[in-house]
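Chemist: Chains as they are written, first to last, in the working numbering: chain A, 842 to 923; chain V, 842 to 923; chain P, 842 to 923; chain F, 13 to 408; chain Z, 13 to 408; chain B, 13 to 408.
Check each hint, because a few of them may be wrong.
Below, simulated DSSO-like cross-link-like pairs (lysine-lysine); rule was C-alpha separation at most 30 Å, straight line [said to hold, decoys possible]:
#	chain 1	residue 1	chain 2	residue 2
1	Z	K50	Z	K374
2	F	K50	Z	K231
3	Z	K50	B	K235
4	Z	K91	B	K158
5	F	K79	B	K91
No lab work stands behind these hints, which were simulated from the structure alone.
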Amino acid sequence: MEPTISSALSLLLIGMITVFLVLFLVVVTGNLLIRLVNRFVSEELAQPSPASIEPNKLAAITAAIETITQGKGKITKVEKVK
Amino acid sequence: MEPTISSALSLLLIGMITVFLVLFLVVVTGNLLIRLVNRFVSEELAQPSPASIEPNKLAAITAAIETITQGKGKITKVEKVK
Amino acid sequence: MEPTISSALSLLLIGMITVFLVLFLVVVTGNLLIRLVNRFVSEELAQPSPASIEPNKLAAITAAIETITQGKGKITKVEKVK
Amino acid sequence: MDLLGKLYRMTAIQNIVDEPQILLMILIAFFLLYLGIKKQYEPLLLVPIAFGMLIANFPGGGMGVEKIDENLTLYQIAKEHGIMNFVYYSLIKTGFLPPIIFMGVGALTDFGPMLRNLRLAFFGAAAQIGIFTVLISAVLIGFDLKEAASLGIIGGADGPTAIYTTIKLAPHLLGPIAIAAYSYMALVPVIIPLVVRLTTNKKELLINMKQQDKLFPSKTPIKNMQTLKILFPIGVGSLVALLVPSSVPLIGLLMFGNLVKEIGASTGRLHKAASDSILNIATIFLGLAVGATMTAHAFLKMETLLIIAGGFVAFAISIAGGVYAVKVYNLLAKKKINPLIGATGLSAVPMASRVANEIALKHDPNNHLLQYAMASNISGVIGSAVAAGVLISFLS
Amino acid sequence: MDLLGKLYRMTAIQNIVDEPQILLMILIAFFLLYLGIKKQYEPLLLVPIAFGMLIANFPGGGMGVEKIDENLTLYQIAKEHGIMNFVYYSLIKTGFLPPIIFMGVGALTDFGPMLRNLRLAFFGAAAQIGIFTVLISAVLIGFDLKEAASLGIIGGADGPTAIYTTIKLAPHLLGPIAIAAYSYMALVPVIIPLVVRLTTNKKELLINMKQQDKLFPSKTPIKNMQTLKILFPIGVGSLVALLVPSSVPLIGLLMFGNLVKEIGASTGRLHKAASDSILNIATIFLGLAVGATMTAHAFLKMETLLIIAGGFVAFAISIAGGVYAVKVYNLLAKKKINPLIGATGLSAVPMASRVANEIALKHDPNNHLLQYAMASNISGVIGSAVAAGVLISFLS
Amino acid sequence: MDLLGKLYRMTAIQNIVDEPQILLMILIAFFLLYLGIKKQYEPLLLVPIAFGMLIANFPGGGMGVEKIDENLTLYQIAKEHGIMNFVYYSLIKTGFLPPIIFMGVGALTDFGPMLRNLRLAFFGAAAQIGIFTVLISAVLIGFDLKEAASLGIIGGADGPTAIYTTIKLAPHLLGPIAIAAYSYMALVPVIIPLVVRLTTNKKELLINMKQQDKLFPSKTPIKNMQTLKILFPIGVGSLVALLVPSSVPLIGLLMFGNLVKEIGASTGRLHKAASDSILNIATIFLGLAVGATMTAHAFLKMETLLIIAGGFVAFAISIAGGVYAVKVYNLLAKKKINPLIGATGLSAVPMASRVANEIALKHDPNNHLLQYAMASNISGVIGSAVAAGVLISFLS
Ligand code: NA
Ligand code: NA
Ligand code: NA
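Bound conformation, chain A alone:
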């Protein structure tokens, strides 16, 4: 068989094996992390991550506060008011 074809074929094999392997291990890693976090991290923090709600707004707030307070102020925690 022509060399380029054969290397194309081996690319197909190596490539797909790698992709399956990596994504399989991604699943494994994810489950591992879930277990670790569940075990070792207090649920206190288990509030919805502000970042995932509105990082933009937060960035804005931080920037604003930094500027207004000339960096003297610092955001330690941002919570939604119920």
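Could you slot chains V, P, F, Z and B with the ligands onto chain A? The hints should help.
Modeler: Relative to the frame of chain A, chains V, P, F, Z and B with the ligands by itself:
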């Protein structure tokens, strides 16, 4: 007449002819486009272009929505509420 | 004494002399400017600099206005409403 | 009169008369603008690409990307070949912008849906098959390996990945490959339903993921998503870096962008830069410069048509691959998966997921699988980047 | 003591004692800061230019732009000549920033007023006459053609155009020409009334455009401005690119910036980048680096004074040219035009229009012609860029 | 089977097996991420630095900074050494980013507190002593002068200054020095109380600045702070440029950033760019690239430990120096100063001031000295930059 002077003069002529020509054709093109649009584009769209009113705000909105919805949301149309 | 050590020592001396000298003159310059401003600049302007309150917001406003008015509008003064 | 002669020679008219195919290029640019503006095909990229193509094709404008002596300094490139070549050779051909854009993508990505349905992430793998099958076919019809790989990577359905791979392997094909990648991503609402119709039956499409979850609940509920979302990009980034180091420029920056987002307020400034100014600026210059590579003599070739055709095939095969992977899984597993989840492994985030969701709802108005689709959809991005890494490490 | 000797030699004092003209440069920088901050002369550019000039003139600071071996890589330039030369030789002398700024200008421009009064756009042409007359005069007093062209382009009353042309033709004059251009643009509220007073009579200034529109209504009302605004930058961009390819870097990017604005939300991210982060960042570095070219030995020359003087003349002639073009038109046409519309052909957007409007209102409190003035005003920008293109294609 | 062999050789596993210290580097990166994310040690810099370090240490990723042939063009650097070296050699090793970041710092700085308590600014000087004493000790234990100076500058407690000086004098130490600088700045809440406890007594810590002001009121009240704040950066910038020209890249841009802030709305766009997009973008690339310098063979050396240790000593001595300067002053002056004002001369703005304020409040709940501390705190930044200028002009 000195060569540089003469080329300066020809620059004057070529330059001004070009400028007049181009802007004349800009007027022509503009009128052409107006006629084409009037003929072929439904007036439905003829609302004031949001972009020309407040592209900044729109950009902000889009960015915000993209982030908040993690790109799952998409703005298809933004209209002023009468 | 080893050459590098001696040059290290002279760096110590030159460096600290310079730092003290510069900061001393910074203080002098500052006092000079305070006196000059007090004498020559009308107190009219002595409102809190908007910039130092909220340059971000101002930048935003300016940008917005520039865009909305396509640069036809211009901010000349921004004042807090009491 | 001589003056008018000079004036005429200053214009691009004579060049276009001599080389009428330039006119064709300009018309193609207009058509792409139409697709981007009116048809809303990925306007964020197609508009700059098309406009860059437009201004690149006026002879004398000096805005077209050229082959240059690669020993020139960037300063000399700008002086001798103009600003567009300056942008192309400093930001594009260096491979700089695609990873930068990936950083922005990461800063806009939420791994939440993927973490909630982790095992579905696995189906981002099968949907990469189109990349390699098209690679082989391309070799068979005479492309060399590097070109074939760049053609195949269109099947990854991920713009920056396709561009990055092409820059590394076959930069002379950058224009058509970028166009194909983004056009087909825009055509996902057409391609996915087509392939799904050909590869699935109604019964499969009715599989309701929520129901399956109720029947077979997961054993490990997530107690602290916030911490998890911070650890995940670090963990996965390291894992991929270990297994496919050549994909680090893409995956590494993707995960960095995601990390600064998930950390929250304390890195809010970095998140803002990555997802806003950097991403937007990079998009403008990437688009214009990629478009500028499409000058008449570089674009009007048989290869271009083959790339357009091959790209479509790659997309279709990838989708089918994802679908069949799910079918096989369903044969073995009790907890069934809707084959649409396989189709979204294509990536083309988030449009593929939205399309899959609509198809599911069409068959059963209560079958909302958007969140599930997003899982394989996002993992498809990782899958493509990994495939790209493999191609680059073996071929470059 | 030797230590204090070393300390003294570290300072810039001795250099200034040896070269007292440095002190003069510093004072000029202070004066320009005063104009920019207190007098509000185009502060967005004059402040960075003046500050760049200030820090460039302290010997030993390494912040002044120097003539360098143009074979050095950018990395070597930074190592051997400091960061300011790095900025200057990578972003300015490459001609990169002015087109980028034009992209931002386009993203802030509204072609609406121009489209509503299209035929007035024609009067952006006459107001370029100052460029070429001053070019000739400059040649007569001994400047070479390239220098003369750069001097004349000040009469285009457009900052980026003047800077771009000078970079291409006579970079050694960049500093004074940029200063002159921006200073006179800031002085438009003084120059236009002056020239108008000398070239028009009250009767002409009373011509009311709105009335004329009522008397002679246009035949083609605009039914769909939104679509029109999207097509216009594409159409005009292509037209100019065809006729004056060398102006594409300026006009092309101007039109691209305008296009992403008019498309609206779907390219909102690009519009934001072009009109905000990119424009602002480019302005800072352009200003600082242009200022940094004004070191004592580069600036304190007869040429500088001639440029300052010539620039003023160019402005005045351009305004007069616009005014007289309208007068001639009025001789032939029934539908009269207020000569102020000719004056605004100068460009210097939008200040020229505001000034013209005020003059009109002073003569007739009901004569609002701002919208009309904007038409020729904006077309004046295109006019200058076209003129610049002609100069560059014949002289560079 | 050969395929799996190829696959295995593609991964970084074998390299890590051969060079297990790589694993240590990855663990250190994880630890730094922990400090930045969980312990909130200067997350804006420590997170990118740590992540850059992480991705730099996977062999085959090509994301680690390498020694290269400095005659390569930036384009060649990117092609042959990857995008991270492209960033490092274009933005970091050129010395470009630290001054740019200083511009952003200036745009976020308020000189108000310093102007209201000008004479306290003087105490930013003494707190630089740590820089030079550690320089000498470093020479004694065998570092060469340039390395010793870079080590000492950590005692300036200012990130950009430390990085800029190290780039100019000993770039091969950039990673550990940056890490040390930012870590100890983050540890200021620990270090300052420690040193203060060792060097002061309760009576001194009870000195109430407000009271002292009432007892000895200043003769020159500030009547127009707005104008003063505009003139101050211009005046001080010129002064420092005159005396220590080599510090202009830092101080000059710091003052420029502050100027465009204080001018207000008319330069609001420049202020926004300097304090927002430019600062944030620069921070991301500085952090990643500095982190990327820390590859196993570059980082795992005795030197690194000495730098970590020496940096701590430099911090401590600087704080003590500031404290003793105040004690000496108090011996001579009637108007006493709280020694905490000396400690904040360290810089590390604004955390040092907050810490000092807390200590004062602990001893007397009514002794609010934050505003006073900010005065010496900010002048400490100028002090460090001046010290850096001296080192650079004598050693580079
Ligand atoms: Na994919
Ligand atoms: Na003009
Ligand atoms: Na300090």
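Chemist: Check each numbered hint from earlier against the structure, then list the numbers of those it violates in ascending order.
Modeler: Those not satisfied: there are none.
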